[in-house]
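Colleague: Residue numbers (the numbering used here), protein chains in the order written: chain A, 1146 to 1315; chain B, 2 to 427; chain C, 93 to 610.
Quick caveat, the hints were computed from the structure, so don't treat them as lab data.
Computed from a predicted model, the values in this text were never measured in an experiment.
One thing to keep in mind: the hints can contain errors.
Derived pair list, reagent style DSS-like, types lysine-lysine, alpha-carbon separation capped at 27 Å [claimed, not checked]: (1) B:K7 / B:K83; (2) B:K79 / B:K126; (3) C:K224 / B:K372; (4) B:K407 / A:K1172; (5) B:K11 / B:K222; (6) C:K544 / C:K301; (7) B:K192 / C:K150; (8) A:K1180 / B:K82; (9) B:K42 / B:K7; (10) A:K1180 / C:K497; (11) B:K160 / B:K82; (12) B:K407 / C:K153; (13) B:K83 / A:K1172; (14) B:K361 / A:K1180; (15) C:K301 / C:K258; (16) B:K192 / C:K258; (17) B:K160 / A:K1172; (18) A:K1180 / B:K83; (19) A:K1180 / B:K185; (20) A:K1172 / B:K372; (21) B:K42 / B:K56; (22) C:K176 / B:K192; (23) B:K185 / C:K258; (24) A:K1180 / B:K42; (25) B:K18 / B:K230; (26) B:K79 / B:K56; (27) C:K153 / B:K237; (28) B:K192 / C:K173; (29) B:K7 / A:K1306; (30) B:K7 / B:K154; (31) C:K544 / B:K192; (32) C:K176 / B:K361; (33) B:K265 / B:K237; (34) B:K222 / B:K237; (35) B:K7 / B:K265; (36) A:K1180 / B:K160.
Across the chosen pairs, the derived CB separations fall in these ranges [as the list claims (entries may be wrong)]: (37) B:A66 / A:E1159: 44 to 52 Å; (38) A:E1265 / C:E149: 27 to 35 Å; (39) C:W310 / B:V424: 28 to 36 Å; (40) B:M46 / C:E230: 57 to 65 Å.
Positions of the beta carbon are idealized from the N, C-alpha and C atoms, including for glycine.
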Amino acid sequence: MSATHLPAGTEAYEPVFVGRTLEELQKVLARYPTKQAALLPALWLVQRERGWISDRNMAEVAEVLSLTPAYVKGVVTFYTMYHQHPVGKHFVQVCTTSPCNLCGAEDVVRAFLKTTGAGEPGATSPDGSWTVIEVECLGACGFATPVLVDEDFIESVTPEKVPEIVRKYR
Amino acid sequence: MGFPHKPHPKETVVLSKYFGDAEARSLKGWKKRGGYEMLEKALAMDPNAVTEEVKASGLRGRGGAGFPTGLKWSFMPKEPKKPHYLCVNADESEPGTFKDREIMRWTPHGLLEGSVIAAHAIRAKTVYVYIRGEFTEPWTIMEQALAEANGAKLFGDIKVYLHRGAGAYICGEETALMNSIEGKRGNPRIKPPFPAAAGVFGMPTTINNVETLAAVPHILKNGAEWYKKLCLSNPKSTGTKLLSICGHIAQPGNYEVTMGFPLKDLLYECAGGMRPGRTLKACIPGGSSVPMLNREETESTLLDYEGCVERGTMLGSGGVIVFDDTADMVYQTMRLARFYAHESCAQCTQCREGTAWTTKILERILAGQGKMSDLDLLLELADNMTGKTICVLSDSCAAPVVSALKRFRSEFEDYIAGRRKPVLAA
Amino acid sequence: MTDVMISLTIDDTSVSVPPGTLLIEAAKQAGVLVPHYCYHPGLPVAGVCRMCLVHVEKQPKLAIACATQVTDGMVVHTQAKEAKVARQSVLEFLLINHPLDCPICDQAGECELQDFVFQEGRAATRYTEYAKRFNPVEDFGPDVLYVPNRCILCTRCVRFMEDVAKEPVLNVSERGDRAFIGIHPEARLDHPWAGNVVDLCPVGSLLSKDFLHKARAWELDKSPSVCTGCSQGCNVTLDLRDNTVVRVRPRPNLEVNRYFICDHGRANYRWMNRGDRIEAPLVRMNGELVATDWDTALDRVRALVRGAGGRAATLASPRASTEALYLARRLLSRFDWTGGVQVVMGEEAPLAGVPNLALRAERAPNGTGAALLGYTHDTAAALKAAAAAALVLVLDEADVAVETKGALIYAGTVLPAQARGAEVVLPLANTAEEDGTFVNRDGRVQRYVQAKPTPGMARPAWWALGELVAELEGTPHPGSASDVFDALAASTEALAGLSYDRLGLLGRTTSSGAAVTA
């Protein structure tokens, strides 16, 4: 099918779904009656292994799950937690929706941007270590302001606590 | 991580009994506390009998819609011709709500127990627990609990799987949740067909919220009558509700009270009242998608489904967002509109374009460039966005806008008239 | 089969429809077109544009007509104030990011957004001080351009590729008002049926590169025809500007091509505009082909026919109409006659989501019609017979190298080198310049209608051959292609009972409903 054909001269691509990762995917596939249902878990595996999901990765996932690359891309772009381009070594998500907003969440964002050197939301710090973004409600409103650093969910963050947090991850 | 508070004397502690009790997370600890006895009892009962008990209890969906749970279960075919599914909605993303997170963090086995009992009642052999992607700690804890339970072969031939979301509020909508499990964009579906007829993978499906399912073992243990008696106001609202209190409040957290409990007491007594020197200005009692109340209304609202409707709002998910006199209602309304604009799935014209347009108008008002006609325009857009779309995200964007304009119009006018300095760049 | 019908009232008109009918279809029967975008009868229902909101009595909220099944006794008001306000608001929401491109947009004049805004929209915008969303134009592939700014996200294109073409190469990317139609960078929109997304697009977002800026919709003359690309016989509409065919679009026919045509057929029209046509009848005089009038040319043909005996052959183009093929055989009926058509073969390309629809290997619109009338597809055999024939009539077949010891009569649209040895050359109309019929591979007889005038002195084959036959046999001169078809039907059992009236514009299999076989 022309949709999955790679143009000639593409540099060698290292597949994600080999060895242990492929075994994990097989286990995932066993949970659902369709291959397509393993798409979100498969994308998480790619992001775990590579840090982000490239167009080429999407084509590989499509191949493995008998979908088209365009279909996979449509799904990837829908869900905000999948990175479509490389991000800093540490990815910081700060909730700024109203409940946290009332409790100074925007100050927490500014503190992270300043302390990490990332500069502005979405940008990566010059040393490549940090990307900080604002996100919508993280479901911990009573523990304002919640922050996700990579897979670590940190509660009750105030601007004063930010330097210590950043230090821990350096 | 964050630690829950000691129960306030006015709380009715049922679901939150073991919040803060780390031992309760383990299978051993949970069994020591009487866990999984009800699962054993339920698995030996006729599925219809389980459903009838839950129906009689008056339990209603705690995710926001408040649909009678037993009735929902009874929509499933009594004689399965196709595989049945139970989906557990752990996508908790409604701003102001953080109760399901606590249930999973502290009583993961309680949730599993309730889910498998429900699966038995609806004759489902497969359960998917859809946990939002950002809930990394609840995920790890649930994974561990599930491994323990599977190791002890507690669930018979009922399979329970965890499915991780990836950042989409709309996946909390039951049909969008099903699409997400199927490996699709989280788009809500048009109904009919309804999930009980054709749900996930086209099969009969029931979707229940975490808090709803966590209540099930308690109902089986103490009986439907006991649950029905937990009622302070309208008999159609029974049992307890976890209210997640956040925003401008002295002691934010989850508080469990009997249905019909006065919102005033919840805020001023249980949650410690306002911060020092501050007064209550507004309150959203049911998560950001329900209309906001001013102080008078807040102080006279009874917390059950009917009581909130009486005040012109809804109990919803029970996410109580408190605004004191320092809150900028215009800014917060804008921030909520921006939330909905960010989360719109893009299917329906009114939602896709309307949420963004509403946000832009509010941003311009905050930038000192609003016009008086903008306020009428906002109301008209809100009306056009209500009751006309596949799901209610569109309506949910309209609700705070309409209610804020109704109760705090002067704050909007202050920005427009230049009496208040702009807080956003032009 | 159930006989139970559902009765309902739409805008005070009673209609009766089968159960399972969608309200939007039932409304058409009541003569009401409910405004809509995402709905299309050839695609699965999406219900996303929200344009078709109508008021149904006893229902608390407005209903979308495209996803509402009719129930007995339903009372519907499409013009209720609430419904009109709701639809007007949908149009307003669509227009806030939609650019005012009408002066430079190909879709103008045949744009559903223009149509419904004029019908039900607001007169002025209220989205005045805000920037519109902007994304650059994208080249999706061979013939399709995507203009994201104009896209209203109806998702017809996505659903066509996914559910009808069964190759999901288009997606919706991103969320909210950032959404757009996407394609994976390693893919192109080169599916053999992909061009249909351009027709399906209600606005000027998906555009045909071939048609780009060629003509304005209101300059186009439209004519019903049948595609000449293969033996499927898809129904088409030819769009012409100044008597030049500039576009081919599908014409709905639920029995043949539903709402679609393939890209091969879509591109197959340039030959209809060829300028190098035979402009006058030619006869051989003193060893040279000399231009003359029709009477002289036809007299010469008759003389040749009367003066020859034994074997005769007709080599016909598979684009020749059934009427022409019939007359070409009848003209030579007293000879030991061989008729042949050269059918070029290609690769088949099905439209997976529609049963019995494909770009067929047989790249000829009337191969079945020719076979029905006794023409062989064995070109070699036909050429062999022609070589030994006393008289050979070549009917618009430019690609066959005819060698004969007999007399060669060439009747066609262009004059190929191999026809220069002909005794007589008759200039003919091409498919776009005449009325006629083709018989498709399923035995369906379908009419096509003249779309443009014939150039020079060219005439339709049915006329030229009809004149010859009438004079030679002493039978009435046919006054129209329809007359010829009547004669054809009367003498061919498989076509008994058919006529242009009965064929209409959607065609028919035989009068008994059975497929026509040779």
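Colleague: Now tell me, hint by hint, if it's right for this structure.
Modeller: Hints, one by one, checked against the model:
1. B:K7 / B:K83: violated, 47 Å
2. B:K79 / B:K126: holds, 14 Å
3. C:K224 / B:K372: With a Cα-Cα distance of about 20 Å, the restraint between C:K224 and B:K372 holds, given a limit of 27 Å.
4. B:K407 / A:K1172: Not satisfied, since the Cα-Cα distance of roughly 54 Å exceeds 27 Å.
5. B:K11 / B:K222: Cα-Cα ~23 Å, so holds.
6. C:K544 / C:K301: Holds: C:K544 and C:K301 sit about 24 Å apart, inside 27 Å.
7. B:K192 / C:K150: holds, 18 Å
8. A:K1180 / B:K82: Holds, because 23 Å separates the two Cα atoms, which is no more than 27 Å.
9. B:K42 / B:K7: violated, 31 Å
10. A:K1180 / C:K497: Outside the cut-off at roughly 68 Å; violated.
11. B:K160 / B:K82: Measuring from Cα to Cα gives roughly 19 Å; hence the hint holds.
12. B:K407 / C:K153: It holds: about 24 Å lies between the C-alpha atoms, which stays within 27 Å.
13. B:K83 / A:K1172: holds, 24 Å
14. B:K361 / A:K1180: Since the Cα atoms of B:K361 and A:K1180 sit roughly 41 Å apart, the hinted pair is violated (cutoff 27 Å).
15. C:K301 / C:K258: Given that 27 Å is the threshold and the Cα spacing comes to 23 Å, the pair holds.
16. B:K192 / C:K258: Between B:K192 and C:K258 the Cα gap is close to 25 Å, so the pair holds against 27 Å.
17. B:K160 / A:K1172: Holds - the C-alpha atoms of A:K1172 and B:K160 are around 14 Å apart, at most 27 Å.
18. A:K1180 / B:K83: Distance ~19 Å between A:K1180 and B:K83 Cα, so the pair holds.
19. A:K1180 / B:K185: holds, 12 Å
20. A:K1172 / B:K372: Given that 27 Å is the threshold and the Cα spacing comes to 58 Å, the pair is violated.
21. B:K42 / B:K56: Between B:K42 and B:K56 the Cα gap is close to 17 Å, so the pair holds against 27 Å.
22. C:K176 / B:K192: holds, 23 Å
23. B:K185 / C:K258: holds, 16 Å
24. A:K1180 / B:K42: violated, 36 Å
25. B:K18 / B:K230: holds, 19 Å
26. B:K79 / B:K56: holds, 16 Å
27. C:K153 / B:K237: holds, 25 Å
28. B:K192 / C:K173: Between B:K192 and C:K173 the Cα gap is close to 25 Å, so the pair holds against 27 Å.
29. B:K7 / A:K1306: This hinted pair holds, its Cα atoms lying about 25 Å apart.
30. B:K7 / B:K154: At roughly 34 Å apart (the allowed maximum being 27 Å), B:K154 and B:K7 break the hint.
31. C:K544 / B:K192: violated, 50 Å
32. C:K176 / B:K361: This hinted pair holds, its Cα atoms lying about 26 Å apart.
33. B:K265 / B:K237: OK: B:K265 and B:K237 at ~21 Å, within 27 Å.
34. B:K222 / B:K237: holds, 21 Å
35. B:K7 / B:K265: The given pair, whose Cα atoms are some 20 Å apart, holds under the 27 Å limit.
36. A:K1180 / B:K160: holds, 18 Å
37. B:A66 / A:E1159: 44 to 52 Å: holds, 47 Å
38. A:E1265 / C:E149: 27 to 35 Å: violated, 55 Å
39. C:W310 / B:V424: 28 to 36 Å: At 51 Å between Cβs, range violated.
40. B:M46 / C:E230: 57 to 65 Å: Holds, at about 59 Å.
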